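Asks: Sequence:
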Amino acid sequence: MSTLADNAPRMAGAGDWIDAALAPRSVAIVGASDNPEKIGGRPIKYMLQHGYQGRILPINPGRDRVQGIAAWHSLDAVDVPIDMLLVCVAGEAAVQAVRDGARLGVRVCVVISSGFAETGEPGRQAQEHMKAAAAAAGMRLLGPNTQGLANFSNGALATFATLLGEVAPADGPVAVISQSGAMSMVPYAHLRAEGIGVRYSVATGNECDLNVADFTEAVLRDPEVKLILLYMESLPAPATLARAAALARSRQVPVLALKAGVSPQGLQAAQSHTGAIATEDKALDAWFRQHGILRVADARSLVMGAQLLLRCGHLPGNRLAILSNSGAACVTGADAAERHGLQVPPLPTETRARIDAVLPGFASSLNPIDLTAALLSNNHLFGQVLPILASARACDALFITLPMSGKGYDTDQFARDAAAFTAETGLPVVVSCPLAASRRIFAQAGLATFEHDEDALAALGQLARLSGLRETALRLARPAPHAPAAPVPRTAGLLSEADSLEQIEAIGIRTAPWRLCLDADSMGSALGSLPGPWAVKACSAQIPHKSEYGLVHLGIADEQRARALFPVLRQEVLGMGKSFDGVIVASMVKPRREFMIGARWDSQFGCIVIVGDGGKYVEAMPDVATLVYPFDQAHAEQCLRKLRVAALFDGVRGENPLPVQELAHAATRLGAWLHAQQGAVASVDINPLIAGPDGRLYAADALVEI
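Going by UniProt numbering, the sequence shown opens with residue 1, and the numbers climb by one from there.
Take these hints with a grain of salt, some might be off.
[Claimed, not checked] Each computed DSS-like pair below joins lysine-lysine, with the alpha-carbon atoms no more than 30 Å apart:
#1 Lys282 - Lys226
#2 Lys546 - Lys407
#3 Lys642 - Lys616
#4 Lys616 - Lys546
#5 Lys578 - Lys616
#6 Lys131 - Lys38
#7 Lys282 - Lys616
#8 Lys616 - Lys590
#9 Lys590 - Lys546
#10 Lys578 - Lys642
#11 Lys578 - Lys546
#12 Lys282 - Lys642
#13 Lys546 - Lys282
#14 Lys45 - Lys226
[Said to hold, decoys possible] Quick list of simulated restraints, FRET-style, between CB atoms:
#15 Gly341 - Thr491: 28 to 38 Å
#16 Gly68 - Arg221: 27 to 37 Å
#17 Gly341 - Asp623: 45 to 55 Å
#18 Asp521 - Ala647: 23 to 33 Å
#19 Glu92 - Ala436: 53 to 63 Å
#20 Val488 - Arg393: 48 to 58 Å
Please keep in mind that the hints were generated in silico from the structure rather than gathered at the bench.
Bear in mind that the values here come from a model prediction, so they are computed numbers and not experimental data.
Note that beta-carbon positions come from the ideal geometry of N, C-alpha and C, so glycine has one too.
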């Protein structure tokens, strides 16, 4: 078989491994089978069937020919350079094949075989040997435990996926990249059923070297890729995926991700499936939002909006106009729109008057616009209403739902009218119709079409969220806020409450007035300088949760009683065998509401901040936002306003507003400071952060871990 021509398409600006993985000039298969249905035979069959123009090099010690082409008895016998090595043998033979490939200068090795890190410690060690051999020679490794990868534009189908024998490939603008073999093919099947072609399908398996992030960045070098769908059970390389997400934003390529392993059972299954270490779900959610990646809940949602996203890259807002010939469809469509984050605002009075002039008196121009069954007797209504709607500029998208269509309806004209609306306004039109023949007519006019209203509106909701995420990500990509200049103690471990309060004061977060008393005599001056009533608390770096041991006394209004607590608290702490750092006396702030802020350093994501409703029930009934730095105050407030407690922020029944801006500001300053420490500070916990009667926030307790 001839080699790829010198002018064969290669990835613009790509590194050696990317060309070798996605446009290989030669593919060697260790464990090649003459049986085209076996794992070692399917890749050969697929490449022969689908026009791969490179060299196929079957390696089989017992055969001179495999599936009709010349075979080699060993890798050492191959007399041409090998771009890609496909390993289809198991156990130690697989490890040896990797070693041989590395020794011979292979550029990319794809290990189909399973039985490695996903099975336990012996498998993990074998995988490490494999990885070390590849790394020492500069050979990149995909897998092990992978179904393989495919480039449908050049026939390089280095995969054993059975689905390719059932669903014919077609090149297209979509890349599917998955840690799971099956989930690299499920979206492929759904897309092909919709008539959408796929350019790349990649299953990364155990990711001992190359991973989902690497391939996301790689396929974005292909200008023909217009949509990327990801399936992940962990996130091994946030920095790489962040670069890829930035490149996707610059090209306006939507990236959707299905991250599985959310439930405890799902997390356990993910670990046994790919050998992955589960990533904290809420932090990952925040990270996706920050980088403009739309997270979806299931495989159907991953592909449902593909045809719309490929036609329209951006939605300027979430105002939706609905047009139908059914009153019921108008009602259910408006309900579904709200579920998917879309607004259905009334049309301007002038626009309604113009529409009313062409509609029968029993129709509605409010929005949704109900043309009623009059459309059957007057097919021109469609073409009369849409230009009025186009000139009004009162919506960001148009949803047309036609539960009744077919004979008697001029569907061809409806499709032309809808396409003209898009051409004039630049806005997307989405059509829902249960009749397949009618859908085909709208699709041929270049419009996104759906069988069900719910799917159509879910797709529009995805487009709206992606547009919002892209704008947020672009804003957060600007230089991060300046970090507060607050020195960090050098001693590792938990700080005492007094040291923790001093630390957050240095960051710029207000505390309730307090004093640290080192002896009973200093209690008097402290009590005299602080307005009561007081909180009297033992201070010890070795007792982070003092209230659990009865070391916190609240609402003390009598100075003599407060002073008497010093020896009592001292004795209780020393009796526990812990260090005694003194007694904290603090003025109690009458709480209107208690909030909390927590921050920690994560090895994958860096600084993670949690902010929201506080108090003693914060763990039992969490109502918090999770943020990954960098973020700004506006983003923090935007996330806070999505919480349940947000209903109270602007005041209820005459109450004064709560200080949500100050809460967002505090979270932003804490995030900037902890990020600047780059791991020197492990965590910060501020709970409660009290909204006082004066409309300001006061930290009443804090715990810092160095």
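Asks: Would you mind confirming whether the straight-line C-alpha gap from Lys642 to Lys616 stays at or under 30 Å?
Replies: holds (21 Å)
Asks: Given the range 27 to 37 Å, decide if the beta-carbon distance of Gly68 to Arg221 lies inside it.
Replies: holds (35 Å)
Asks: For the pair supplied as a hint, Lys616 and Lys546, confirm whether the alpha-carbon distance does not exceed 30 Å.
Replies: holds (13 Å)
Asks: Lys45 and Lys226: Cα distance at most 30 Å?
Replies: holds (29 Å)
Asks: Take a quick look at whether Lys282 and Lys642 sit within 30 Å of each other, Cα to Cα.
Replies: The hint holds at about 14 Å.
Asks: Given the hint that Lys578 pairs with Lys642, does the C-alpha gap stay at or below 30 Å?
Replies: violated (42 Å)
Asks: Does Lys578 pair with Lys546 here, judged by a C-alpha cut-off of 30 Å?
Replies: The hint holds at about 12 Å.
Asks: Check the following: the C-beta atoms of Gly341 and Asp623 are separated by a distance inside 45 to 55 Å.
Replies: violated (20 Å)
Asks: Check the hint pairing Lys546 with Lys282 against an upper bound of 30 Å on the C-alpha distance.
Replies: Roughly 29 Å separates the two Cα atoms, so the pair holds.
Asks: Does the beta carbon distance between Val488 and Arg393 stay inside 48 to 58 Å, or does it fall outside?
Replies: holds (54 Å)
Asks: For the pair we were handed, Lys282 and Lys226, check the Cα-Cα distance against 30 Å.
Replies: holds (28 Å)
Asks: Do the alpha carbons of Lys590 and Lys546 lie within 30 Å of each other, as the hint requires?
Replies: The hint holds at about 21 Å.
Checked against the numbered hints above, the structure breaks hints 2, 10, 15, 17, 18 and satisfies the rest.
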